[in-house]
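With the hints as constraints, model all of the structure from the sequences given.
Residue numbers (the working numbering), protein chains in the order written: chain A, 1 to 114; chain B, 1 to 110.
Careful, some of the hints might be misleading.
To be verified - Think about it this way: if two alpha-carbon atoms lie no more than 25 Å apart in a straight line, the pair counts; the simulated DMTMM-like pairs of lysine to aspartate or glutamate are:
#, chain 1, residue 1, chain 2, residue 2
1, A, K41, B, D83
2, B, K59, A, E102
3, B, K59, B, D83
4, B, K57, A, E102
5, B, K56, A, E102
6, B, K36, A, E24
7, A, K40, A, E84
8, B, K105, A, E102
9, B, K105, B, D83
As the list claims (entries may be wrong) - A few chain A residues that face chain B, going by a derived Cβ cut-off under 10 Å, partial list only:
#, residue
10, P42
11, A92
12, Q103
13, Y104
14, G106
To be clear, the hints were calculated from the coordinates, so they are not data collected in a lab. Every residue gets a Cβ at the ideal spot worked out from N, C-alpha and C, and that includes glycine.
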Amino acid sequence: ETGVTQTPRHLVMGMTNKKSLKCEQHLGHNAMYWYKQSAKKPLELMFVYSLEERVENNSVPSRFSPECPNSSHLFLHLHTLQPEDSALYLCASSYQPLDTYEQYFGPGTRLTVT
Amino acid sequence: GQQVMQIPQYQHVQEGEDFTTYCNSSTTLSNIQWYKQRPGGHPVFLIQLVKSGEVKKQKRLTFQFGEAKKNSSLHITATQTTDVGTYFCAGPGSNYQLIWGAGTKLIIKP
Chain A
1 ETGVTQTPRH
11 LVMGMTNKKS
21 LKCEQHLGHN
31 AMYWYKQSAK
41 KPLELMFVYS
51 LEERVENNSV
61 PSRFSPECPN
71 SSHLFLHLHT
81 LQPEDSALYL
91 CASSYQPLDT
101 YEQYFGPGTR
111 LTVT
Chain B
1 GQQVMQIPQY
11 QHVQEGEDFT
21 TYCNSSTTLS
31 NIQWYKQRPG
41 GHPVFLIQLV
51 KSGEVKKQKR
61 LTFQFGEAKK
71 NSSLHITATQ
81 TTDVGTYFCA
91 GPGSNYQLIW
101 GAGTKLIIKP
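Okay, structure coming up:
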């Protein structure tokens, strides 16, 4: 599947580094999402964007900063992360930001914070 | 707050045996979605149920939505190795969110 792509696929970073995760969707969708998935927790929604405007922020720490320059691209900027931020970060998109539309996920970025 | 509980957390089966996962919501749902995540993969949408008492089938997979629209189940008949993975249910929450169950991991015994 190439509908939603994410780069990089794996990332190791120190707590003082700054890095960015990139997501691109080729499905013509209007909503994009960032999720965090860790071994012990179900999918945690971090951010929702609709038509490039952020509509939901689930009380995510400020060390995570999203950016949505257009409806096809989504970034997650990372800085001064903690080891507990190590997880799989998944990007998803849907036709509209409504709960009646299925979400299409990218392959994820496996992040390790050392 | 709204919760979606999913059980069991794991299910070990012999190949050929059946598998069932159950999803229960603390509130009435307008719809429920099911996803499958293969090991090392990402969640992939399987189906959405909307109507009370709805039953849908996809080959060996049978999905049900309860009459009260607060619970749902996924049943797989005669499991195969290709069925291995984690199955998630998700229901609508507030503000465009899907509330996800914790998932049921299907493991085929060697």
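Measure nothing beyond the straight line between the CA atoms of A/K41 and B/D83; if it is 25 Å or shorter, mark the hint as holding. holds (22 Å)
For the pair supplied as a hint, B/K59 and B/D83, is the alpha-carbon distance within the 25 Å limit? holds (12 Å)
Starting from B/K57, check that the Cα of A/E102 is at most 25 Å away, please. holds (18 Å)
Distance restraint between B/K36 and A/E24, which requires alpha-carbon spacing of 25 Å or less: holds (22 Å)
Mind checking the alpha carbons of B/K105 and B/D83 for me, to see if they're no more than 25 Å apart? holds (10 Å)
Taking 25 Å as the top limit, are the C-alpha atoms of B/K59 and A/E102 close enough? Holds: B/K59 and A/E102 sit about 20 Å apart, inside 25 Å.
Can you verify the interface hint for A/P42: is its Cβ closer than 10 Å to any Cβ in chain B? Holds. Min distance 4 Å.
Min Cβ distance, A/Q103 to chain B: is it shorter than 10 Å? At about 7 Å, which falls below the 10 Å cut-off, the nearest Cβ of chain B leaves the hint on A/Q103 intact, so it holds.
Within a Cα-Cα threshold of 25 Å, do B/K56 and A/E102 meet the stated pairing? Satisfied, since the Cα-Cα distance of roughly 16 Å is no more than 25 Å.
Are the Cα positions of B/K105 and A/E102 separated by 25 Å at most? Given that 25 Å is the threshold and the Cα spacing comes to 21 Å, the pair holds.
Taking the closest Cβ pair, is A/A92 under 10 Å from chain B? Where the cut-off is 10 Å and the nearest Cβ of chain B is about 8 Å from A/A92, the hint holds.
Proposed interface contact between A/Y104 and chain B, which counts if any beta carbon pair is under 10 Å: A/Y104 check passes; min Cβ-Cβ to chain B is 7 Å, inside 10 Å.
In summary, this structure violates none of the numbered hints.
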